[in-house]
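Given only the sequences and the hints, what does the whole structure look like? Please build it.
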Amino acid sequence: MSDGGKRILLTGNYAAAYAARDADPDVVSAYPITPQTPVIEKIADFIASGELNAKFVRVESEHSAMAALIGAASAGARTYTATSSQGLFYMYEVVWWAAGARLPIVMGIVTRALGPPWNIWSEHSDFYAIRDSGWNMFFASSAQEVYDLTLISYGVSENPDVLLPSAVGWDAFEVSHTYEPVHVLGREEASKILPPKGAWKPPLTPEDPSSLGNLAYPEEYAEVRRTLREASEKALGVFREVATRYSRITGRNYAGLYECYRCVDADALIIGMGSIIGEVYRAVDLLRERGERVGALKLWVYRPFPYEEVARRLENVKLVVTVARASVFGSLSPLGLDVASAITLGGLDVKLVDYAAGVGGVDVYAEDVVGMYEKAKASRSGGFWWVR
Amino acid sequence: MSHKAFPREEYILKGHAACPGCGATLLLRHVLKALGPNTYLVIPACCTSVIAGPHPRSAFKVPVLHIAFAASAAAASGMVEALEKLGKPANVVVWAGDGGTVDIGLQALSGAAERGHNLIYICYDNEAYMNTGIQKSGSTPYKAWTTTTPTGNLSVKKDVPSIMVAHRVPYVATINPAYVNDLYYKLRKAAQIKGGLKYIHAFSPCPVGWRYDSSLTVKVARLAVETGVWVLYEVENGMFSLTGPSKALVDKSKRKPVAEYLRLQGRFSHLKEEDIAEIQRLVDEQWERIAEILREQEKG
Ligand SMILES: Cc1ncc(C[n+]2csc(CCOP(=O)(O)OP(=O)(O)O)c2C)c(N)n1
Ligand code: SF4
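From first to last, the protein sequence lines stand for chains A and B.
Counting in the working numbering, the first sequence runs from 8 upward without gaps.
Counting in the working numbering, the second sequence runs from 44 upward without gaps.
Since the hints were derived computationally from the structure, they do not count as laboratory data.
Incorrect hints may have been included.
[To be verified] No more than 25 angstroms apart at the CA atoms, straight line, and that leaves these computed lysine to any residue pairs for SDA-like:
| no. | chain 1 | residue 1 | chain 2 | residue 2 |
| --- | --- | --- | --- | --- |
| 1 | A | K204 | B | G130 |
| 2 | B | K295 | B | Y276 |
| 3 | B | K128 | A | R14 |
[To be verified] Coverage of chain A stretches by chain B, computed from C-beta distances (three or more under 8 angstroms per stretch; other residues unrestricted):
| no. | region |
| --- | --- |
| 4 | 25-38 |
| 5 | 182-196 |
| 6 | 205-213 |
| 7 | 331-338 |
| 8 | 377-386 |
Think of the CB as a built atom: it goes at the ideal place given N, C-alpha and C, for glycine as much as any other residue.
In structure tokens, the structure reads:
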């Protein structure tokens, strides 16, 4: 059954499940954790109703969920899972294994704060924590983006030049549990932009026995990791390609790697990811009303980080404010660090002020963002601050 | 089965990195012969991940997924499901050490057993963490020396085969490299049983960790059975039966004294008379339990 390009009311989590359905995975495995649970419940429904013909491995832990997909993908299966917070950290060891073994697994990360104390609300510290593992990492700020980026992920991951797993992040509750109208392609339409099943060669077959992940001496290890890095660099171009193809069918275009809001003539930019960006856009409107030439930039692609593309956007900018939803200690936020790198590598003279905001699900309003901007503007040098 | 019936084909090639006299490698050689080329191996961190030889080559002539220490049973679960979905039937075999089975991997093993995935899980039990240099595992025998139990281990060996029986998996068996006929029979049987996890616990002498001369592996293995320290059995759908030479050993008089087995190994060289007597008592107790199980089954 296909929804044939319908618009339906979906939460972010259901949008992920619909995308997984339309990607037609062979094996799904997951372990429940708030706020990810509705994703896997919906997938279980799809399988039960026959809408999705996939094997569902109901594992006893997240470590096993990722391990099961590693086993499945190494035999050639298309796979999907989703998790959050402690679940991702319990999975962490095998998250690296999936990337190192070059397996095109796709995973949703419903971002949630880490304990202690226990907190089920949104924060991106879990998402950021896997940034050096080799996974492609995308971030969605609406249910529609969850759907679109999940489908695009399969095109990036399964490209033979890339063959790396992809993670799509979205905020707990603000996106995961909020209903929005979502344009859903259905299996048939989706298959037009997805790579054909079996387009990549399974690493393990009895016909051509080989070994995945055995001991490598330093030279060989370094070589394997270097090729992984090259693949990761290629992922940016492949993402653009897949996103362009996707836009021809859907009209929604992610090929720019980020969305820029009122930034054509901006001399200051606020950069963020996820649901906070709505309030950031509102702050930009408020500041524009006052005559401030401010714009905002919402990142869709976080790894590989689009350094050049971001630097190019910052060429005529004097101030950058990064707003990262993360607990950070003794350092800039991961997002702040990446933007600082883009500035340095681009040889730009831009003041950077980095904020950790919205930690543990604290609401961030446009007025807060206006305050951050004003404080940043008034400060004589760059820096980093924790707000609320 | 006569030895002529053993396949000539070798699936462990020259250039592997096992120590001379490695019981695990001997076992794996026969396991692969028994199962044939349409077999995937899933191997967590352990001696065998080194024995396989370095990237980009492999000394094993079957597809191998090397995986993180705790993850082997779950990875095999996913692999079984994938092969079924893709219509490519094959044997999926986890080959894991005792540390990777009775300790860190037990959760994943329990999960896979409970879910009934059609895979063969083999624990080769060398009774310590050998790859990291002979540290105590949950499978280290009472009083055995290891580098983390320098005065002898005080816990008794965790009985994971019984834990698997309690999971009601269709087949649980033990094997030993000194009894290769028994090994072939059990592996082939395990491969034929569909719909469930087949658990095989293998006695795996390790000259390096057990401190004996590498020429003695088969002798040590045989003595383990003859003294009753290691019991050859199978449990099919809950029905327990002794196999091979263990069949005769319920009769205590047929069992050699455990001292004969212990004496060969440096890891037991510090034992006092009373330690040996205690170990003998533990072995005898184990056989009383077996006799009890057999009597209960007889009654129906
Ligand atoms: C999570 C994790 N912890 C620790 C290790 C280190 N480690 C690698 S192999 C090994 C010992 C394996 O012992 P066992 O399973 O008994 O197999 P053996 O080496 O004896 O063949 C250990 C502790 C690891 N690889 N991963
Ligand atoms: S240490 Fe023991 S188990 Fe490991 S390879 Fe050597 S003999 Fe085999």
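Legend entry - Enumerated hints in conflict with the structure, sorted upward: The structure conflicts with hints 3, 5, 7 and 8, although it agrees with all the remaining ones.
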